[in-house]
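So for the sequence shown, my numbering puts the first residue at 1; every next one is plus one.
Just so you know, these hints were derived from the structure itself, not from any lab. A couple of the hints might just be wrong.
[Claimed, not checked] Distance windows between CB atoms, simulated: (1) D373 - Y216: 18 to 24 Å; (2) K185 - D72: 53 to 59 Å; (3) K94 - K187: 20 to 26 Å; (4) G41 - P363: 23 to 29 Å; (5) V211 - D30: 33 to 39 Å; (6) D224 - D72: 52 to 58 Å; (7) K370 - G80: 44 to 50 Å.
[To be verified] The list that follows gives simulated cross-link-like pairs (lysine to any residue, SDA-like), each with its CA atoms no further than 25 Å apart: (8) K219 - V366; (9) K362 - G80; (10) K187 - R150; (11) K287 - D74; (12) K87 - K219; (13) K61 - K265; (14) K370 - K265; (15) K47 - R69; (16) K136 - W35; (17) K242 - S210.
Quick caveat: nothing in here was measured; it's all calculated off a predicted structure. Backbone N, C-alpha and C define an ideal beta-carbon position, used for all residues, glycine too.
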Amino acid sequence: MRSFSRSVLLIAVALWLQPQPTGAQSGKGDWAADWEKVLQGARKEGKVIVSVPASAELRRKTEEVFGKRFPDIDLELVAGRGSSNIKKIIAEKKAGVHYFDVHVGGTNSIITGLLAEGLLDPVAPLMLLPEVRDPKQWWGGHIWADKARRYIYMFQAYITETVWRNTDLVRPEEIASYDDLLRPKWKGKIAILDPRTPGSGDSTWGFLWSVKGEEYLRKLVAQDMIVGRNQRQLAETVAKGKAALSIGLSYYVYQPFIKAGLPVKPVDPPKEGFYASSGSGNLAVLKDIPHPNAAALFLNWLLSREGQEVFSRAMGQTTRRFDVDTSWAKEYGHTSAKESLTPERFFMLENQSEEKIEKVRKPAAVLAHKLFD
């Protein structure tokens, strides 16, 4: 009976994955044979372990949808802030422990942690499905965060929304420029995700360093901001009115408070604008993984239309896939890059690549340590 159910599963998966005619196939069926080997191997391994952002909604929806699609594979999601999970991965690797298969999250902690330690394998060889590997399916083609264009795949692109306000305390017109954050009335009422650690806090800090300069940041720190690393706690200070504004927190952190009807919204775009980002939508595959076939299975599902629908909606961040609707993101204060930017413009505005981290975020982080330590 179990053999029969597995046969049915294989047929169902094959039907789901039936490709549309594209140039990626080149008239060859090699991908199908490779994919069948992955399916067989994944069922034997029976498990895949993935590090993901600290979003309860992402964890719930991913487990639900992936579990229905592949009931024979136990998906273990380890949700947490990227920098924390990556510190754990590095410590385990140095101790000879190979627990995690895949990491999904922001680029800074991947680049300064996993990539710097030489702990990543190339992603492209695991992109087996035609709908995943065909660059025509993706706005901008295949975009990578690392200079080698091999190890960190960016599957999202949008204009950020990392400055939020309590709508009972801050009127929309009160933050028309980043200079407005320096007004005396906001002293002691701004929460900031610690810019000394990798994440959207240091990303936003780096953007402000590039567009406003060091003197501006010195004045901002003099506002006696509430500095923290627990994203939910910081969001709660704004949602419950203990702080009026936050810097460095994204929609997915505020999602539980939005659903509860609390008064939080992203600020309207200031005159200096926002930066472009891949957010938490970056994928990396670890070396010496315990479940290589199940990891390939998860990777292809995540980058498929279904996987991108799940991830984008749960995180409130928009995919680069053309066949996934992203117009809804405007409700959360940001716009999909594929609806508003050219790829060339995105590369000018992005703050996530290895090059930008070296030229912008690292020197900005040096200043953050001087001002906050």
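- [ ] Compare the structure with the hints numbered earlier in the document and write down the numbers of the violated ones, lowest to highest.
- [x] When the structure is compared with the hints, numbers 3, 4, 5, 7, 10, 12, 14, 17 turn out to be violated.
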